[in-house]
Structures are given as structure tokens and as C-alpha cells.
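> Take a look at the letters that make up each chain.
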Amino acid sequence: EGNLSKIFENLNYSKNFNFWINVHGVHDIELIKRLIDHFDLDKMVVQDIVDTTQRPKVEVSSDMVFFSVKSLLPQNGLNIESEQISFILKENILLSFQEKKGDHFEYIRGRLREGKGLVRKSGADYLLYLLLDAITDNYYTSLNGLESRLNELPQKIMDDPKPEQIFKLEHIKQSLFNLRKAINPLKEAIIFTEKGPSAHIHSDVIPFFADLKDQLWQLTDETDLSIHRSEGLTNLFFSYQGHRMNEVMKVLTIVTSLFIPLSFLAGVYGMNFKFMPELDWNYGYPAVLALMALLALGMLLFFKQKKWL
Amino acid sequence: EGNLSKIFENLNYSKNFNFWINVHGVHDIELIKRLIDHFDLDKMVVQDIVDTTQRPKVEVSSDMVFFSVKSLLPQNGLNIESEQISFILKENILLSFQEKKGDHFEYIRGRLREGKGLVRKSGADYLLYLLLDAITDNYYTSLNGLESRLNELPQKIMDDPKPEQIFKLEHIKQSLFNLRKAINPLKEAIIFTEKGPSAHIHSDVIPFFADLKDQLWQLTDETDLSIHRSEGLTNLFFSYQGHRMNEVMKVLTIVTSLFIPLSFLAGVYGMNFKFMPELDWNYGYPAVLALMALLALGMLLFFKQKKWL
Amino acid sequence: EGNLSKIFENLNYSKNFNFWINVHGVHDIELIKRLIDHFDLDKMVVQDIVDTTQRPKVEVSSDMVFFSVKSLLPQNGLNIESEQISFILKENILLSFQEKKGDHFEYIRGRLREGKGLVRKSGADYLLYLLLDAITDNYYTSLNGLESRLNELPQKIMDDPKPEQIFKLEHIKQSLFNLRKAINPLKEAIIFTEKGPSAHIHSDVIPFFADLKDQLWQLTDETDLSIHRSEGLTNLFFSYQGHRMNEVMKVLTIVTSLFIPLSFLAGVYGMNFKFMPELDWNYGYPAVLALMALLALGMLLFFKQKKWL
Amino acid sequence: EGNLSKIFENLNYSKNFNFWINVHGVHDIELIKRLIDHFDLDKMVVQDIVDTTQRPKVEVSSDMVFFSVKSLLPQNGLNIESEQISFILKENILLSFQEKKGDHFEYIRGRLREGKGLVRKSGADYLLYLLLDAITDNYYTSLNGLESRLNELPQKIMDDPKPEQIFKLEHIKQSLFNLRKAINPLKEAIIFTEKGPSAHIHSDVIPFFADLKDQLWQLTDETDLSIHRSEGLTNLFFSYQGHRMNEVMKVLTIVTSLFIPLSFLAGVYGMNFKFMPELDWNYGYPAVLALMALLALGMLLFFKQKKWL
Amino acid sequence: EGNLSKIFENLNYSKNFNFWINVHGVHDIELIKRLIDHFDLDKMVVQDIVDTTQRPKVEVSSDMVFFSVKSLLPQNGLNIESEQISFILKENILLSFQEKKGDHFEYIRGRLREGKGLVRKSGADYLLYLLLDAITDNYYTSLNGLESRLNELPQKIMDDPKPEQIFKLEHIKQSLFNLRKAINPLKEAIIFTEKGPSAHIHSDVIPFFADLKDQLWQLTDETDLSIHRSEGLTNLFFSYQGHRMNEVMKVLTIVTSLFIPLSFLAGVYGMNFKFMPELDWNYGYPAVLALMALLALGMLLFFKQKKWL
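Going down the list, the sequences are from chains A, B, C, D and E.
In this text, residue positions in the first sequence follow the working numbering: the first is 86, and each later residue adds one.
In this text, residue positions in the second sequence follow the working numbering: the first is 86, and each later residue adds one.
In this text, residue positions in the third sequence follow the working numbering: the first is 86, and each later residue adds one.
In this text, residue positions in the fourth sequence follow the working numbering: the first is 86, and each later residue adds one.
In this text, residue positions in the fifth sequence follow the working numbering: the first is 86, and each later residue adds one.
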């Protein structure tokens, strides 16, 4: 790890040990070429390792398995960082290539350093399982992050349906689609290693891979459900927006309908005609006030009956 | 049942009897391991039993059938509790593992206790059928619960289209999707037991399984139709919300259009110009009142013609 | 027909005659069992006949064909009554089982009674064709009924877009989905009888079945188009609802924008300030009236230019 | 052509000539039967020819090819007339059956009459190609007609989003769906004649059919894109309708918000209280007018800042 | 290149050299025919080359590969120019036919002219790879162009949701669909050349084609995601449009609800009744003003509580 060139000298390649070499920064092509050379691997894969924008792929040949997957590192916030990781499994050698020094495998590396039994003694294929399992865990973490974001939205929409929420919602939906796209290649890679001419995987490790595949299936299912949910939230948003509009309109309509007829009445008795007999009545003013109160009451009853109040 | 360890001592495993052992609380791994050991089963399944978050699966080996399904227990309300139940069928032994002591099989257990002939005498495969049938019945109950919830909605929407209804609707839709997801593994499990190297199922029990499969097909169909309906209800909601808005707007427009021109007229004759000949006319006031009545009538006719009244 | 028990005594089962026995009311299990017994049929089918809530199915054995289909009886109104009808074809015997005495086969029964040649003389397979053809005709009638309902909607929506129309529309859509679900099993049943080990169908009757299958394909196509249309009508509804709203808003805006500035002007000259020189002018009043007319004209021109008038 | 019975007498059936008999009006069953008889064809096809409501079909037997397709005749306007045309190809005989005397093949018939070389000399299979090519051309014309209708819509929607446009849009969408449904059977028919035991088609004519198939594939693609476009236009419509509403609302809000506060102010100084010191001030009136101007200015700035002006 | 006829004389066809002849302007049929003749190719392809409106196709025969693809040339703006390019690969000869002199292959032609080693020395199959790679690059450029257009939209929608944005959005969506349609034939062509009886492609060039295929797969994925995004933007637009409407309505409602009751109050004390005791009170005027202030404050508190302010 780290500075490959130094490690190389000390590398006594022997059948009795399992190697895991994890390369950070796939852009140092020379090092990768030397590595590929050293382990006598097909030179073809170099480009696949280096070109991190490529679609993940699996290639099984008689003496090695190569595949690349997208690993997701959920950061704080919505943005999920995606990184291409390539694996080469050949007998007891496992090579992994990462774009940058991320903490995808921190936990496993820790266990290796501490010399925790199981991992150290098992073969390269079991180690591969552990790494893929770590990646799958990261998928789960990403999904959970997105789901918790999704879970916050209904309450926010109910409080105040702002378009920013649709923006966030579409963002989450995009991330869910991306997650689904990332899962498939890993699933395919596992199916290939399981069903292929899998001399590369020992029979006692196969169940672990089968279990991993099951987890990925379930992950796909859950992602689909989350996508469904996010689509339902769009409906929720628009219903709340329409509701908000209805509320505003009701207030406007009630206030206007209440006071405009009354204002008209006041306007009538504010006219300056010489001969307006009502104006001279002793009880003209209270009579008009009473009429106004009656009118207002009628309106309120009408709104009550319409269930607007 | 219940406290397994006690039962174990008394368990004289004999080919002449059928056993049904129902384990509640799958988290007591030790007990499960002992059980698996006792019946000489593949140790692999232990993890599948214990990990209740896993996707349901089927595994058929030459001497046993293992599968897990999601059982739904419709509670009062919308929330459907889902529980993973695993089954192992080996010759005349049927093992079932539940997460918690639910009442999925109360009815069947009751019949067994009362010694009702058919169940007791038939083989473990028939018992398996009965258990799966009970689970299918629970699916139906869940679907019916959701459908009756769905049936209440149109009336509520017509009365008052509130966004809470969309919320409920999306909730039901989610539950319907979950139901669909739960049905499939059971269907698959049955297809496997039917078509697989089904030495595990006696030929006279197969028709029962076939019937169960038919029921599950129909359940899928009905769930799909309910999903369709719930999508139609979204349209219904938005049409009622728009209708409500139109109603409010009409009242506002009618009241405003009626009184604002009249108020203007009153305003004109409320001006304080020295030379306003109309003000001095003897019939000025009644003439203006008549003009106002005419204007209002014209407006009302216009609204009548627009079919707003 | 009718009272089976009486008929039984007189039933001299002979290879030289074709029998068509149509049973109404499938809930008299005893009778059905006797019938199944009498013709020496598989007892398994009894449950399939009796349980009318089951999904339609086909079962072909070496000596008989059993299948059940959903027959639709379009009633006056939108509600389509669905009834499960089961058929058993064995050599020259055709048994059909209906839930209740409906008029699905009135026409054919009539022709049989009148001794119309073709039907009487032909085999049980041809008779089966005629019955299925009658059911297919009912499908067509149902579809036509739904389509004529659908055809009424655009005009109603244009007249007044009320949410009840969306309700009706969704109802029709549901019925169309149900129709599609009903067609498929019949299509399957026919494909089975056509392609299966069809010793049960004589080669000269096969073309009729082929023709029936063609009709069902076309029916599926037409149902799909109707579903498409009904979805288009939802758009139509919402566009008319929005249009209606726009119309209401325009009237409100025009009336308000016309009179509120004029009212303000009148209000200004209704103020009681001591020193308002305009009030004392001789032509103050006509000048203000002219100003008002000008303002109104300007507004009207503005609306004209906006194409709101 | 025309009156078949007369032609029959003169019909010396000889292997050395190619015949094309085009029958108008398929309802004269007697004539069709005589024709079928005369050329010794399978009587089965008669019904397929006569029943023009049937779904198009292909039937290939050892000595003839029968198929029917829907030909579209784009009329002026949106309505596309659809007509069932059946073809029988047997050695050097080509029979075609049309519902009514349309101008589907005018051009080809013209070329035949003028004795234009290629057509006259080539076999019946090449003639069939020409006829199908003419039908395909009509499909293209139909599609182009629909597309030009579709192209007019955006401008109309932008000018004034009226629901009639949604009506037209849905109409066009329906026609596009119908077109898609019409293309498929012709494609199938060609695939059958290409790949089937095509002793009926000479190897030098096959490339023409291959080319035709390519054209139909492309037609399907283009129809799909047009359907996509028509769905996008629905969004466009609703966005313009909402825009229109927003515009109307803005005018209402600006006018109202500008003048209602001013009117209130005027109303205050129109009150008849005895002690209102402002009324007696010399500069009360101009001060109030100035205040009003200030208020209006403030409002206008607010609207400016909200970008409503 | 350019003027073909001149080049022809000097064309000494020899097995030792690789030829790439790029024809601009496919409408000079005579020249194309001579070319096809000269290299002894199937005359059938001439029509496929000349008819540029045809759907792209692949044809593999024993001695040559022919295929045509749509090349996209992203121009400034949204409009993507599409051009049909046909390729013929036969041993060491590569013919390409373009509609017009575009700059699809400028870069490669440049490298050829400068005599850059690799290209000149490699076979016609490698050259084909380079050309297809250039076309794929153009696809990427087109997609990037569309995506950057898409990326501008959210901000524009947030600033001011105008229907023109929906228009642009639908335009981009159409282009994305077109891009997807263009990718597929190229993918198919490559699969054919890879998997077909590919004597035409040397084994050491195949990996390059495989890589190209991977790129096209990824391109399809990215295009799909962009289509998803553009659909999400439609929701965003409508949510902003509704938001804008809500904002306008709120201002209208607040202003109206604030001043209409106050105006009414002013109107009441503007009435001319003889006996209105309040008018004669010394503190009538300030009392009314205080009442008005109180009313306005109450309204503002109500709006505050409704979160409209």
C-alpha cells in the first residue's frame, strides 16, 4: 500500500501466502503496468483499471477474474461520492485498485493489521468476499442516508410546500437511480464468479458469495420501493401546494365577500342627493347598521354551510 | 413449542410420527443450532433462519426443502406487520421458525390440540400446506384491509379534498407494493416444491399446493388492480381540489363583480362637486337606485348564462 | 337443465349422441358430484367448479379438457356483472357450470330447441365453440358499452368539468382493466385446446377456434386503445378545469381592474377638505366623468391587447 | 376489375401470364367464392376476406400465401380512413381484395395500363411488392399528415392555450397509436414471406421485400418519437395554461394592491366627523395627494422588485 | 477524397496497401457505382448508401461487412445535426460514405496526412475502429452539450418559471431520445463485427471494438439518466409555477384583507345620516383611527400566524 515501488523489492511471490495489494490512485500507470507484469497478468486490463469513467465490467479468463465496480461513499449531505474500484483475483493473489485513498476498507485493513485470525488465514477469495461485503455495506449506508432524507420531506412539505423540496426530491430520486445502476454490475460480477468456471473461488467460500448476492437483490428491492416513495412524495407536494392555494383563496373570498356589500351600502348613504328621505329618519343610522350586521351574518352562514370556516 | 430445551429430552425421533416444531424468537441461536444438529440438517440454513432482514429464499437439496417467506399480520390500522418465517421440510419433520410469538397459526395449532383427525394423521407435507395456506389467508386479510381503506377514500375526497388523503393514499400504495413483494417469494417457494425433485411432497398433497399457487396468482392480480385504483384516486383527489378552487373563485368573482360597479356609482354621487345637477333632481336618488338594480340584474344574467349560478 | 336430479334417471349415456348439460347454481355440490361421477370424470375438478372466486384455469388431461372463464354480462349502466363459467369437454359430452341462471347462452339454447340443423348435428366440440363464441360476443358487448360511456364523456367534460366525470372515468378504466383480465384466460384456454393433445377437438372444428382466438386478440387490442383513450380524457378534464378557472379569473380581473381605479377617483373627490379647488370649478364634475371614461377605455384597450376580451 | 362476372368468361388461365385481379367491395361473397374456386384456393380464406373487422393475419400454406393488412388513406383533416386489404399470392397469380373502390393503387394501375415495362413483365411477387410499397407509402403520408398537425400545435398553444388543443392532441395521439397497430401486421406479413418456405417469392425479389421491412422499422421508430412529442406537448399546454393564469393574477393583484390602500385613504378623509383637524388645513388636500403618490410609488417598487412588472 | 474520378486512374489496387476512401456527397450515384464495381462489391449496397433517410443497418456477407450509422454533429445551440455514414470493410479496403463534407473525421485525417505511425501502418479494421471511435466521441459531445443545457434549466426555472423552459426541456428530451436511437445501430454493428464470422477483423483489433461497445453501453446509461433528469425538471417547473401563483395570491389576499375592512369603516362614517352621534364626539375621529389600527394589527397577526408573512 502507499508507495508501491518500495514494496515491490520485498515482494517474494510464493504460493504459500495470500497477497492483498490495494493500489490507491490508479493514475500512476507505470506502477500498475509493473504490477500486472510482476504477477504475469493480461495487459489488457490495465486500461480498464486506469479509465475510471468506464462502465463496470467483468472478465473471466481461465486463470484470473477481473472486474470493476462503483463503490459509493455516502458523505454528509445528499451527495454520494462514487469511486471505481477494480479487482483482480488470481489464485492466492488479490489486487484491488482505487481511484483515491478512501476509507472503503478501513475496517478490514484494521482487522488485517491486528492479525485477527480468520481473515489472515483464509484465502484471497475470502478476502475478496470481505471487500465486496464492505462495498455492499456502503451501498446500504448510502440507501439509508437517502431514505432518512426522504423521511424528513413529508413533514417539511406539510409545514410549507416550497419548490426547493421538489428540487431535493428529484435530487434524491437521481441518487436512488444511480444507486440502482451501481448495484447491478456488482451483482453481475458475483453471479459470474459464482457460476463461471470458478476455479478461482473455493467451494467453502461460495456460500458467502451467495449470501452477498441475496443482500444485493434485497438492496435492489428496497431501492425500488424508495423510488416509488419518492414518486408518491411528488403527489404529496402538489396536493399541499394546491391546498395552500385553496386556503389563501378562501381567506380572500371570505373577507372580500363580507365587506364589499357592506361598503356598497355605506357608499349609498354617503351619496349627496338632496332628497334622500332615509338620511333624515331618526333611526336611519342604527337601522342601516342593523341591516349591515344581518348581511354579514347571512354571508357567514353561507360560508359555514360551504364548510369554508 | 415455547421452551425448546425441555422438549428436546422427550423427543424420540421416530419415522412413524410426524413432527411439527414451531420455534418462536429466532434469536436464540444456540437452540436453533441444537435443533438443526438433532435432525441432522445442513448447518448453512442457520444463518438464513436467524437473519430475519434477509430476502426470502428457497433452497432445495436432495433430502430437505428450506424456504423463508414474509408473513403479514394486518393490525388495526394501516400498518401491516411483517414477519419472516422459515420452514424446513425433511421427510416427516416440519420445522418452522418465527421471529416472535405471533398468532399466524393459532387456528391450526388449535385444531392440532383438539386432535382434529385430518391434520394429525396427514404427513408433514400436508401440515406445511396448512401453514402456507394460513399465511396466504393473512395476505388476503391484509389486502382486504387495504382495500376497505381505499374504499373509504373516494367519499372522503368528495367531502373535503385534504392533502392528508394523498398521504394516506400513498401509504396504502406503499403497503400494496409491499404486499406484492411478499407474495412472490411464497409463489416461488411453492413452484419449487411442486416442480422440484419433490420427493418431499407426496403426490396426493400436490393438488393442494397447486390450489395454493392459483390463489397466490389471483392475489397478485387483485393487488395490481388495487394499485391501479389507488392511482386513479390520485386523479380524483386533484380533480376535487381543482373543483374546490373553482367554487371558491366563482363566489369571489360573483360577489366582487356585482358590488364593485355599484360601489363606484355610489362613489360618484358621493363626490362633493358644487355643480352636480343630478344631486338636486327630485328623483335623482330613486333613479340611481333603479340604475343600480338594473346593473346587478345584468350581472346576474351574465353569470347565469356562464352557468356559474 | 334446471332440476338435474330428475333428468338423471332419463339419461341414457350413449356414444351416439352429443350431450350438453348446463348446470345453473354451482353451489349444489351434491348434484355436481353425482354428475362428475356419472360421466366418470376426475373428482379434482369439483372444487374448481364450486369455488367461483378462483382465478380461471385450464387443465388438459388425456381424456378431457377442463377450463373455467369469466363471462361478463353487461347490464344497464356501468356495472359489468362477472360470472365464472366452467366447461368440461370429454368425447361427445359437454358440461358447463354457471353460477346463476344468466342469459349467456339464451340464443344458442334457442337454436338447439328449435332443432336448427347445424348445431344439433355437430359434435360437442362445435357446441363448445358456439358457447365460447357467445361469451366472446358478451365481451364485445361489454367493451362497446364501456366505449359508448367513454364517448359521452368528452362532451360532458367540455360542458362542465365536474370531478364526478373523473370518478366515472376511473370507474370505466377499472372496468376496462377487468375486461382485459377476463379475456386472457379464455385466450389461454383456446390456445391449449388448439395446440394441446387435442384429440378432444376434431380437425374440422379447429378453424373455428382459430377464428375465435383472432377475435380475442383484436379485443385485447381494442381494449388497450380504450384504456389509452381514457387516460387521454383525464388530460382533457384537467385542461378544461384549468380553462374554467382561467375564465373565472379573467372576469374577476377585468371587472376589478376597471372599477377600482374609478372608485378611487370618486373617493378623492368625496373627501371633505376645505380647500379643494377642483370642487368649485364649474366643469369639475364633467371633467372628472370624462377622465373616468378615458381611464376605463384605456383599461379595456389593455385587456383587448392581452386578448382577454 | 369492376364487374367480375364478365371478366370471368374471358379468363384463360395460363401459366405464361401473370394475373393481378383487384376486387372492390368484398361483400359480394358469391363472386369471391367463384374466384377462390376458379383458382382452386383454400375455401377457408373466404371468411377472412369478407370479414373486414378482423385483425390482420398471415397464413402460409404450401401452395399459397394469404394475408390481410390495414391500409390507411389519409384524408383532408385528422381522420385517417382505414381499410382492410387482403392478398392471395399463388404462383403467378396475385389476388387483392379491397373493401371499397379507393385509390390505394391508382399509381400502379396507371403504370400497368400504360404498359410500363418493368411492372408488366415481372412476376406476381414483384407486383405484390409494389402494392405493399404503395400501402407503406400511405402509412408515411399518414404519419407526415399527423406530424404536420402536431407541428402546428406548439404555436397555437403559445398563442392561446385552449382545451380544444388538448382534444386535438389526444386525437392525434390516438391516430398515432392506430398507425402503430396497423404497421405491425404488415411487418409480420413481410417477415413471413421473407423467411417462410418462400417458394412464392423469387430470390431476386426478396431484396425488395427486405427493403420494405427496413422502411417499416423506421416508420415504427418515427411513430414512437411522434408519440413522445405529443406527450411533451401536453406538458407544454399545461405550463402555458398555468402561465396564463399567473399573468391574469398578476394584473389583478397589481391593480388591486395599488388602488385599495389609496381608496382607503380617500375614504378616511371622506368621513364626516366634526373634529378632523386635517380637513381645515390649507395644504391638507395636496398633502394627502402627495401621500397617495408616495404610497403608489412604494407599491410599484415592490412589484418591480418581485419582477411582476 | 474530393474528386473521385481523378483519383480512380491512379488507383493501383494492391494487396500490400490499406485504402481508406471517404466519399462526400452520396448523391453522385454514378461514382459510387463505379467504386463498388472497381472493388468488386455487392451492387445491392448502393441503394443503402444513397438513401440517407433509411434506418441504419448491418449486413455481413462472407467477404465484406456493410453497415450504416447516424453520426451526430453537435452544433452551437440545441440542434444536433444528424448525418448517415455508411461503411464497407473488405479485406484491406475501407470505404466510407458521408452525406456532406462534415468534420467528423478531421482529426483522424490529420493524423493520416502527417503520417503518424500507428494509423498508417495498421490495417483497415483498425482504421474502422478509429472512425467509429470518432463517431462515438461525437455522441459524447452531443450528450454533454444536451446535459449542459439541462444543467442551466433549474436555475432559470427558479428565477422565473416561463413556459419557454418547458418548450426547451421537451426539445432536449426529444434530442436525448434521438441520441438513444442513434446509439443502438452502432452498438449492433459492433456486436455483429465482434461476434460475426469476423474474418474481417483481426484478433488484435477486437479488444478495441470491445472497448467501444463498453463505451456505447455507458453512453446509453447516461442518456437514460439524463432523460430521467429532464422528467424531474418538469415537476420542478410546475412546482415553481404553482409557487409563483401562491406568492401572487398571498400578496393580493393580504393587501385586500387589510384594507377592505378599514375602507368599510371609513365608509360608515362617511354616510350622511342626520343622527350619527359618533360624528359629533370630540374624540370620534381619533377613536376610529385607533380602531382601524387595531383591526390592521389583528389582521397582520393572523397572517403572521398563517406564516404568510
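Worth flagging that the hints you see were computed from the coordinates, not collected in a lab.
Because the structure is a prediction, the values reported are computed rather than measured.
C-beta atoms are modelled at their ideal positions from N, C-alpha and C, and glycine is treated no differently.
Don't take every hint at face value.
Claimed, not checked - Listed next, the stretches of chain D that the computed footprint assigns to chain C, with coverage defined by at least 3 CB atoms under 8 Å from CB atoms of chain C: (1) 221–233; (2) 255–264; (3) 297–304; (4) 321–332.
Said to hold, decoys possible - Between beta-carbon pairs, the in silico distance windows are: (5) D:L376 to A:N367: 36 to 46 Å; (6) D:L158 to B:R265: 37 to 47 Å; (7) E:Y368 to A:P371: 39 to 49 Å; (8) B:E316 to D:D113: 17 to 27 Å; (9) D:P292 to E:F277: 17 to 27 Å; (10) C:Q390 to E:D218: 29 to 39 Å; (11) B:A381 to A:W366: 19 to 29 Å; (12) D:A372 to E:A372: 16 to 26 Å; (13) A:D289 to C:E176: 53 to 63 Å; (14) C:L385 to E:Y368: 40 to 50 Å.
Said to hold, decoys possible - Incomplete in silico selection of chain E near chain D, CB under 7 Å: (15) V143; (16) E144; (17) V145; (18) Q326; (19) N331; (20) K335; (21) S348; (22) P362; (23) G369; (24) A372.
> Decide, hint by hint, whether the structure agrees.
Structure-based check of each hint:
1. 221–233: violated (count 0)
2. 255–264: With 5 residues in contact (Cβ-Cβ under 8 Å with chain C), the coverage given for the segment 255–264 of chain D holds.
3. 297–304: violated (count 0)
4. 321–332: holds (count 7)
5. D:L376 to A:N367: 36 to 46 Å: Between L376 (chain D) and N367 (chain A), where Cβ atoms are some 38 Å apart, the hint holds.
6. D:L158 to B:R265: 37 to 47 Å: Hint holds: Cβ distance 46 Å, inside 37 to 47 Å.
7. E:Y368 to A:P371: 39 to 49 Å: Cβ of Y368 (chain E) to Cβ of P371 (chain A): about 21 Å, so the range 39 to 49 Å is violated.
8. B:E316 to D:D113: 17 to 27 Å: violated (50 Å)
9. D:P292 to E:F277: 17 to 27 Å: Cβ of P292 (chain D) to Cβ of F277 (chain E): about 19 Å, so the range 17 to 27 Å holds.
10. C:Q390 to E:D218: 29 to 39 Å: About 57 Å separates the Cβ atoms of Q390 (chain C) and D218 (chain E), which means 29 to 39 Å is violated.
11. B:A381 to A:W366: 19 to 29 Å: Since the Cβ atoms of A381 (chain B) and W366 (chain A) sit about 24 Å apart, the hinted range of 19 to 29 Å holds.
12. D:A372 to E:A372: 16 to 26 Å: Given a distance of about 22 Å, which is inside 16 to 26 Å, the answer is holds.
13. A:D289 to C:E176: 53 to 63 Å: holds (60 Å)
14. C:L385 to E:Y368: 40 to 50 Å: Roughly 46 Å apart at Cβ, these two residues keep to the hinted range, so it holds.
15. V143: Since the shortest Cβ distance to chain D is 11 Å, the answer is violated.
16. E144: violated (9 Å)
17. V145: Given a least distance of 14 Å, the restraint on V145 (chain E) is violated.
18. Q326: Result: holds, 5 Å to nearest chain D Cβ.
19. N331: violated (10 Å)
20. K335: violated (9 Å)
21. S348: Holds. Min distance 5 Å.
22. P362: violated (11 Å)
23. G369: holds (5 Å)
24. A372: Violated: closest Cβ of chain D sits about 9 Å from A372 (chain E), beyond 7 Å.
Hints 1, 3, 7, 8, 10, 15, 16, 17, 19, 20, 22, 24 from the earlier list are contradicted by this structure; the remaining hints agree with it.
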